[in-house]
Amino acid sequence: GYIISQSWGTAENTLFTDADRHIFEDFNAFYKKAADQHVTVFATSGDYGTANNDLTGNVFPYPTVLFPGSSPYVTTVGGTELQTGADGSYQEEVAWDVDPVVATGGGISQYYPEPSYQTKHLPQAMQQQLNGHRGVPDIAYNAYARSSVLLYFSFRGAAKAGYYNIGGTSEGAPQWAGITAIANQYAHRPLGFLNPKLYKLADSHAYSQDFHDITKGSNGLYGVPGYNAGPGWDLLTGWGSPNVTNLVYDLAKDK
1 GYIISQSWGT AENTLFTDAD RHIFEDFNAF YKKAADQHVT VFATSGDYGT ANNDLTGNVF
61 PYPTVLFPGS SPYVTTVGGT ELQTGADGSY QEEVAWDVDP VVATGGGISQ YYPEPSYQTK
121 HLPQAMQQQL NGHRGVPDIA YNAYARSSVL LYFSFRGAAK AGYYNIGGTS EGAPQWAGIT
181 AIANQYAHRP LGFLNPKLYK LADSHAYSQD FHDITKGSNG LYGVPGYNAG PGWDLLTGWG
241 SPNVTNLVYD LAKDK
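Residue 1 is where the sequence shown starts when you use the working numbering, and the numbers rise one by one after that.
One or more of the hints may lead you astray.
What the hints assert, rightly or not - Straight line, CA to CA, 30 Å or less: simulated DSS-like cross-link-like pairs of lysine-lysine:
1) Lys216 to Lys120
2) Lys197 to Lys33
3) Lys32 to Lys120
4) Lys253 to Lys120
5) Lys216 to Lys33
6) Lys33 to Lys200
7) Lys197 to Lys216
8) Lys200 to Lys216
Stated by the list, open to error - Distance windows between CB atoms, simulated:
9) Ala29 to Pro100: 35 to 41 Å
10) Glu25 to Gln83: 30 to 36 Å
11) Gln91 to Leu151: 22 to 28 Å
12) Arg146 to Glu25: 39 to 45 Å
13) Ser7 to Val244: 16 to 22 Å
Quick caveat, the hints were computed from the structure, so don't treat them as lab data. Note that the structure is a prediction, hence the values are computed from the model and not measured. We put the CB at the ideal spot given by N, CA and C, even for glycine.
Take these sequences, add in the hints, and give me the full structure.
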């Protein structure tokens, strides 16, 4: 009961009406309450890069990000393409961008201010780009269907039951939830809101041992400008994907 994984979202801009704007604060109050009670909350950054739909189904012509992933009390997961050897060994990752169909979400919130864990741990060049606003995602995980885990579906009926490969950032949030469950067990306590811990670790000598830095890829889609991956934290994959054994150990010992 100490971890919540969410794989839903809507463009922030769909909530910029007088009737819906309260949703930002209502949900954010819930996520803050979760953080205060040592509950970890994950969300996904989305599967369509910076191109998200308005309420009529049309794409906003400028970069947008998804809510609730933009909440400063949520740990938001972007997507990568994982390449492995024939034996399953790790080779490399790039930002998930299966052009021209899907790409990892990510960008700059138009509603939430930049949280303290970002102002404290992100470099000056990134501060200038964020311009005082929350940037997402915080971290990343494989979203590539060709190297995904297999899921068994039975709800479609016996004739269609079987194992399927699935892609998307919705893979990342539940798998990060599983990793956090292991970390909670190892620490003998719920780690709670992860972002302050993750940013502190990444902005230290532990970065190269706890994360895979994703430096290639972009997330512009459907004619909407996007962002480029680069060294360290970026607006496609955050700090990158976890080197799980090292990260779990360091999260557990961090007070």
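Enumerate the violated hints, using their earlier numbering and listing them in ascending order.
5, 10
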